[in-house]
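Asker: Top line first, the protein sequences correspond to chains B and H.
Under the working numbering, think of the first position of the first sequence as 1, with each following residue one higher.
Under the working numbering, think of the first position of the second sequence as 1, with each following residue one higher.
Calculated from the structure, these hints are not laboratory results.
Hints are not guaranteed to be accurate.
Note: identical chains are not told apart, hence a pair may lie in one copy or across any two.
[Unchecked claim] Keeping only pairs whose Cα atoms sit at most 27 Å apart, straight-line, the calculated DSS-like set for lysine-lysine is:
no., residue 1, residue 2
1, Lys102, Lys26
2, Lys168, Lys83
3, Lys8, Lys79
4, Lys163, Lys83
5, Lys26, Lys99
6, Lys26, Lys128
Bear in mind the structure is a predicted one, so any value in this text is a computation, not a measurement.
2 protein chains.
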Amino acid sequence: MASDYYSKQISNLIAEFSRLPGIGEKTAQRLAFHVLHMPIEDVKRFSDTLTKAREQVRYCSVCCTLTDREVCPVCDDQKRDHKQIMVVEDSRDMAAYEKTHKYGGVYHVLHGAISPMQGIGPADIRLKELMVRLQGDVDEVIIATNSSLEGETTAMYIAKLIKPTGIKTTRIASGVPVGGELEYIDEVTLLRALDGRTEL
Amino acid sequence: MASDYYSKQISNLIAEFSRLPGIGEKTAQRLAFHVLHMPIEDVKRFSDTLTKAREQVRYCSVCCTLTDREVCPVCDDQKRDHKQIMVVEDSRDMAAYEKTHKYGGVYHVLHGAISPMQGIGPADIRLKELMVRLQGDVDEVIIATNSSLEGETTAMYIAKLIKPTGIKTTRIASGVPVGGELEYIDEVTLLRALDGRTEL
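Go ahead and model the full structure; you've got the sequences and the hints to work with.
Answerer: Below is the structure:
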């Protein structure tokens, strides 16, 4: 470890940054030295924000997204269609759909996807909470888990789980991204797009 | 900003990560959500490390490197040759040479390089401190600033500054990196390597 060549406080700081996902030793060093050159008030604000966010952020009691309120702003918005629930893997996916400004329903955040490889089973994601919500008045469940192996597995599992309730369950379309050039797109996506073709 | 779609504490956390160099909006979101899922004790330790490092780390009173002591371990090591001073741009460059375990002299850390483009002049780097050290018993100053425009400018400037003292001043060699394949190396480096050729 390069951090052995620094004094203890600096090594500790590098080590903390290295623990973050996708941050290698070199980047951790760069970030640590940046912090050491930052005005002390800025470092204190950063440090406070970390603990405050972690302490105050919790799961929305309705949709399970990460928020700093008991009920998140989306679930609290009476203008939205609470009978349409989009199921996503995490809060970032929810933010991605919110950015479109076109979806008027609400969400349910699973915080993960079923992955036997990683030992993540149905009980490890927020499925129980979803099933409780479905006992209320729900018209449609839109499954918007990722188009990955785990995302598809999760989608299938949820669809099977919802089936007995008779609630309409849909899956977002999978295909060629808008602006995507066919020649650069993988075969699986191309076939998926073909299967999902719609009449013009 | 995507962070508009998150609650305040989460947006603040994303904003703090975005302020770090080389961290874009997407990476900042990823890091923020990682922190929100970390055990609270780990977040507190990270947060403490940030402020503690920033508060306790200072410049070595001899070589100006960042350290948590009055005099850094290298400057404090009596087995090293204190008459040989390697001048580097920052503490990371010093760590890079320390990792070789072959350099037995000491260092002087400038904390930057002269860059008229960025408005960084000779007074903005730790040159005055170097000149003070040179009033002592010094045999050689090895200039190991980067092989960039700024690094070279700084090297020239320092060499001119030291000249009147009569102290031997050297510059680390510039050329083809070990293991480097000529065909992938830029022309300037190739010419530099040619100019710096040594007899076998």
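Asker: Hint by hint, work out which the structure violates, then give me just those numbers in ascending order.
Answerer: 6
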